[in-house]
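Trainee: Chains as they are written, first to last, in our numbering: chain E, 1 to 288; chain F, 1 to 294.
For the record, the hints were derived by calculation from the structure and aren't laboratory data.
A quick note: this is a predicted structure, and the numbers were derived from the prediction, not measured.
A couple of the hints might just be wrong.
[Unchecked claim] PhoX-like mimics (lysine-lysine), calculated; alpha carbons at most 25 Å apart, straight line:
no., chain 1, residue 1, chain 2, residue 2
1, E, LYS131, F, LYS226
2, F, LYS183, F, LYS142
3, F, LYS116, F, LYS100
4, F, LYS226, F, LYS152
5, F, LYS152, F, LYS224
6, F, LYS108, F, LYS98
7, E, LYS131, F, LYS224
8, F, LYS270, F, LYS108
9, F, LYS141, E, LYS57
10, F, LYS270, F, LYS116
11, F, LYS116, F, LYS63
12, F, LYS116, F, LYS98
13, E, LYS131, F, LYS270
14, F, LYS142, E, LYS57
15, F, LYS270, F, LYS63
16, E, LYS57, F, LYS183
17, E, LYS38, E, LYS57
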Amino acid sequence: MGRDRVIQIGFVGVASSSILVVGLIFLFLFKEAAPFAKHPGLAALLDNQWIPVSFQKERFGILPLAAGTVLVTSIAMLVSVPLSALAAVYIAEVAQPLEREILKPFIEILASIPSVVLGFFGLVVLAPLIKQFFGLNTGLNALTGGLLLALMAIPTIVSVSEDAINSVPATYRNGSMALGASRMQTIWRVVVPAALPGILGAVMLGTGRVIGETMAVLMVTGNAALITANPLSPVRTMTASIAAEMGEVPFGSIHYQALFWVGIVLLLITFGLNFVARRISVRYGMMR
Amino acid sequence: MKYRGLILGVLATAILAGLTGCGNNTGDKQQAAGSGQTRYLTIKGSDTMVHLVSEWAEAFMQKVPTADLSVTGGGSGTGIAALINNTTDVCAASRSIKEKEIALAAEKNIHPTEFKVAMDGIALVVNPANPISQLTVEQVKKIFTGTVNNWKQVGGPDQPILVLSRESSSGTFVFFQEHVLDKQDYSPNARSLPGTSAMIQNIATDAWTIGYVGLGYAQQAADKVKTLAIAPAPDQPAIAPSVATINSGEYVIARPLFLYTGGEPAGLTKEFLDFALSGPGQEIVRQAGYVPLQ
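Take these sequences, add in the hints, and give me the full structure.
Mentor: As structure tokens, this is what we get:
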């Protein structure tokens, strides 16, 4: 085995360390969560209530938490996807160089705001606004959480979509123009469809960011574990439950194991999303 | 052939990670074997009291540099068990020791001695705009379990009650559930907040909310929230929480906090207890959000 071979193995090792980490995370999650399957059994996770601390009967249904995550994520995506896609098209295709110089850094700054800071902003500014606008008694609900998360998803979606639009070859635009299409026709009928898989990938990335977000939703969603589709009712997301309860839960207890199951479900959801995003890219020949 | 490199690589990183992971453990056990006269004291018990006891321990170690105190939580029951098994010098407990536990300790020739060191009072707080200024314990229970959900039902205006609770990891959550809700579950509609400051912030901004916080915090935020007076029973007068009414037992949503020793305290244990009960010790109680003894 020559020196080249050793160095090669070294590099492959470094590159594949993330595979190892993902494998270990899965292993560890299952190891901690496993005893739950024996007692009280996995069926307990299908309960429709999450009451982990009770003198009556402890209940560990993941359903209300999953419903919370789905509701908050849907609101965030409904708001952020149209805004970000339009913003990306504008920045990439329409904006003057000067505008681009100003817009891009500011959108990137939005991405770098720590989520606790955004959460605090949500608690002190956004929640009272929502409360007033809808005439509610409190602004701690799924809508506030969703809007806050939309703010976090926008920079991701804009940057990645913009890259996708920029990577559409200039020959497409030139060809379209040469056939007599106007600028807008070129943008909407040629450039955007060509960049669509990239934009979809961006949306998936944004969704992943939103689902995994913890601190901001913990602060503004009210954290009541209800199964509801009403954006004005409080919800408890999976991430918020783990963050709020893991700190004080007795080590190795059923509650502790249940939180690990929540983690596993969360991981499976994000895995699924990534998988779908890859399939879309492969299908439209966007894999780089 | 292509995959062999990959597999070898993964193995190589695994071994590397394993090596670096093991490297750290050796240095830990070295004790601060300073002057040779360092005296150790362990305190174990109530999670509610961990913050308070740690503050005491830090102040005490500054005063007595030769003392080395270690504070751990785990719950009152865990602490008492440790006292009985003689694995801790002092036990912090947010409940009194049970007869059964005293008997168990006596078998091992340990005689737990109780010291009341502070009181933990829970104040019910509402927005200052709320006309309600007093409730009975029964009404509080009904509000937090969800059987009463409109202020009209407790003599207020026709507005829905927004119940704010703490996360289940909070000691206050469990105390409130056990003593005020009679071990019933909280209403599923109760919004839970990650901290006392978030609780105060929301009650200060939202008109028809109700929540609970340690008395110390309610007093600090007296300009933002209104503290309710609580009547033990409908035919009894409502009592506002204060250091005086909590110490006299008139205000009922409160509990004593104890330190237990395995016999008459002596040496460092006695010094620490004396410090906890001294003026500066009780000032720390007040700063930690609990109620000092008079």
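Trainee: Look at each hint and say if it fits the structure.
Mentor: Okay, the hints, checked on the actual structure:
no., hint, result
1, LYS131(E) x LYS226(F), "holds, 21 Å"
2, LYS183(F) x LYS142(F), "holds, 12 Å"
3, LYS116(F) x LYS100(F), "holds, 20 Å"
4, LYS226(F) x LYS152(F), "holds, 18 Å"
5, LYS152(F) x LYS224(F), "holds, 23 Å"
6, LYS108(F) x LYS98(F), "holds, 16 Å"
7, LYS131(E) x LYS224(F), "holds, 19 Å"
8, LYS270(F) x LYS108(F), "holds, 22 Å"
9, LYS141(F) x LYS57(E), "holds, 18 Å"
10, LYS270(F) x LYS116(F), "holds, 14 Å"
11, LYS116(F) x LYS63(F), "holds, 22 Å"
12, LYS116(F) x LYS98(F), "holds, 15 Å"
13, LYS131(E) x LYS270(F), "violated, 55 Å"
14, LYS142(F) x LYS57(E), "holds, 19 Å"
15, LYS270(F) x LYS63(F), "holds, 14 Å"
16, LYS57(E) x LYS183(F), "holds, 10 Å"
17, LYS38(E) x LYS57(E), "holds, 18 Å"
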